[in-house]
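*Asks:* Sequence:
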Amino acid sequence: MKTLLVLLFLFSSIVVFGQVGNTFPDMEAETVEDKKVSLPKDVKGKYTLLGLAYSKKSEDDLNSWFQPVFETFIQKTTGLMSGFGYDVNVYFVPMFTGINAAAQGTAKRKAMKNIDPQLLPYILFYKGEIKSYKEALDFEKKDIPY
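Start counting the sequence shown at 1; every next residue gets the next number (the working numbering).
Among the clues, some could well be false.
[Stated by the list, open to error] Distance condition first, Cα-Cα at most 27 Å in a straight line; then the derived BS3-like pairs of lysine-lysine:
#1 K134 to K76
#2 K76 to K56
#3 K76 to K141
#4 K41 to K127
#5 K113 to K127
#6 K36 to K76
#7 K36 to K127
#8 K113 to K46
#9 K142 to K56
#10 K44 to K113
#11 K56 to K35
#12 K131 to K57
#13 K76 to K57
#14 K44 to K127
#15 K131 to K113
#16 K142 to K113
#17 K141 to K108
#18 K131 to K35
#19 K113 to K35
#20 K35 to K108
#21 K131 to K36
#22 K127 to K57
#23 K142 to K76
#24 K113 to K76
#25 K76 to K127
#26 K142 to K36
#27 K131 to K76
#28 K127 to K110
#29 K142 to K41
[What the hints assert, rightly or not] What follows is a list of derived Cβ distance ranges for each label pair:
#30 D87 to E33: 19 to 27 Å
#31 Q75 to K134: 17 to 25 Å
#32 K41 to K113: 29 to 37 Å
#33 T106 to W65: 18 to 26 Å
#34 G45 to A102: 15 to 23 Å
#35 Q118 to T23: 24 to 32 Å
#36 D87 to K57: 30 to 38 Å
#37 G85 to S132: 32 to 40 Å
#38 Q118 to E140: 30 to 38 Å
#39 G85 to K56: 30 to 38 Å
#40 Q75 to N100: 17 to 25 Å
These are computed hints drawn from the structure, not numbers from a lab. Backbone N, C-alpha and C fix where the C-beta goes; we use that ideal spot for every residue, glycine too.
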């Protein structure tokens, strides 16, 4: 019986440590105010949720995540539940690559005009190559956000 408990404990320890993922690859992105943010360096030491999209269709789907994620992880709770919030960073990252990289400035201007100002600090714009991210993060389909 003791042997079974020891084996069960060791197995559960291995499973728990197996949940840790790889470090997010380095990414330099910008806010709508053109402030540079380096991921993961600038968010080190804190859990961070990222929503990534690299096509127009996946960006539209990513936009549908704004409200639920904002209400769950960003918006400050009030009343009895005011002490029970999440302490995480949250960023939505539209990725502009290849020929679409030229559209980044237009996308920033549209975001400033059309998106709730409370959400703007949580949107980062990436312009550059996509290959290393596709490989490291296993992006399979460009039409869905990750």
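*Asks:* Would you mind marking each hint as holding or not holding in the structure?
*Replies:* Against the structure, the hints come out as follows:
For the proposed pair K134 and K76, the alpha carbon gap of about 34 Å is over 27 Å, so the pair is violated. Of the pairs offered as hints, the one joining K76 and K56 is violated, with about 31 Å between alpha carbons and a cut-off of 27 Å exceeded. Proximity of K76 to K141 is assessed by CA-CA distance (about 34 Å); at most 27 Å being required, the pair is judged violated. As the CA atoms of K41 and K127 are separated by approximately 18 Å, the hinted pair is consistent with the 27 Å bound.
With a C-alpha separation of about 20 Å, the suggested pair K113 and K127 falls inside the 27 Å cut-off, and the hint holds. With a C-alpha separation of about 25 Å, the suggested pairing of K36 with K76 holds against the 27 Å cut-off. Only pairs whose Cα atoms come within 27 Å are accepted, and K36 paired with K127 is accepted, the gap being roughly 12 Å. A threshold of 27 Å between alpha carbons decides the hint, and for K113 with K46 the separation of about 30 Å lies outside it, so the pair is violated.
As the CA atoms of K142 and K56 are separated by approximately 9 Å, the hinted pair is consistent with the 27 Å bound. Proximity of K44 to K113 is assessed by CA-CA distance (about 31 Å); at most 27 Å being required, the pair is judged violated. With a C-alpha separation of about 23 Å, the suggested pair K56 and K35 falls inside the 27 Å cut-off, and the hint holds. This hinted pair checks out: K131 and K57 have alpha carbons roughly 19 Å apart, not beyond 27 Å.
Only pairs whose Cα atoms come within 27 Å are accepted, and K76 paired with K57 is rejected, the gap being roughly 30 Å. At roughly 22 Å between alpha-carbon atoms, K44 and K127 fall within 27 Å of each other, so this suggested pair holds. Between K131 and K113 the alpha-carbon distance is near 31 Å, which puts this suggested pair outside the 27 Å criterion. A C-alpha spacing of about 26 Å is found between K142 and K113, which places the hinted pair at or below 27 Å, so the restraint holds.
As the CA atoms of K141 and K108 are separated by approximately 24 Å, the hinted pair is consistent with the 27 Å bound. Between the alpha carbons of K131 and K35 the distance comes to roughly 24 Å, so the proposed pair stays at or under 27 Å and holds. Simply put, K113 and K35 have alpha-carbon atoms about 18 Å apart, close enough for the 27 Å limit, and the pair holds. About 12 Å separates the Cα atoms of K35 and K108, which keeps this hinted pair within 27 Å; it holds.
Taking the CA atoms of K131 and K36, the gap is near 21 Å; set against the 27 Å cutoff, the hint holds. For the hint linking K127 to K57, the alpha-carbon distance of about 17 Å falls within 27 Å, and the restraint holds. Distance check on the hinted pair: K142 and K76 sit about 33 Å apart at the alpha-carbon level, beyond 27 Å; violated. At roughly 24 Å between alpha-carbon atoms, K113 and K76 fall within 27 Å of each other, so this suggested pair holds.
Straight-line distance between C-alpha atoms of K76 and K127 comes to about 31 Å, which puts the hinted pair past the 27 Å bound. For a cut-off of 27 Å, the pair hint linking K142 to K36 stands: about 25 Å separates their Cα positions. Under the criterion of a C-alpha separation no larger than 27 Å, the hint pairing K131 with K76 is inconsistent with the structure, at around 37 Å. At most 27 Å may separate the alpha-carbon atoms for a hinted pair to count; K127 and K110 meet this at roughly 16 Å.
In summary, the hint linking K142 to K41 is supported, as the alpha carbons are separated by about 26 Å, within the 27 Å threshold. For the hinted restraint 19 to 27 Å between D87 and E33, the CB-CB distance of approximately 24 Å keeps it satisfied. Between Q75 and K134 the C-beta distance comes to about 32 Å, which lies outside the given range of 17 to 25 Å. One distance hint, 29 to 37 Å for the beta-carbon pair K41 and K113, holds here, with the actual separation near 30 Å.
The hinted range of 18 to 26 Å is satisfied by T106 and W65, whose Cβ atoms lie roughly 22 Å apart. Separated by about 35 Å at the C-beta atoms, G45 and A102 break the suggested range of 15 to 23 Å. In this structure the supplied range 24 to 32 Å holds for Q118 paired with T23, their Cβ-Cβ distance being about 30 Å. Distance hint for D87 and K57: a CB-CB separation of about 33 Å, consistent with the stated range 30 to 38 Å.
Distance hint for G85 and S132: a CB-CB separation of about 34 Å, consistent with the stated range 32 to 40 Å. The hinted range of 30 to 38 Å is satisfied by Q118 and E140, whose Cβ atoms lie roughly 32 Å apart. Checked against the hint of 30 to 38 Å, the pair G85 and K56 passes, with Cβ atoms roughly 33 Å apart. A C-beta distance of roughly 31 Å is found between Q75 and N100, which places it outside the suggested range of 17 to 25 Å.
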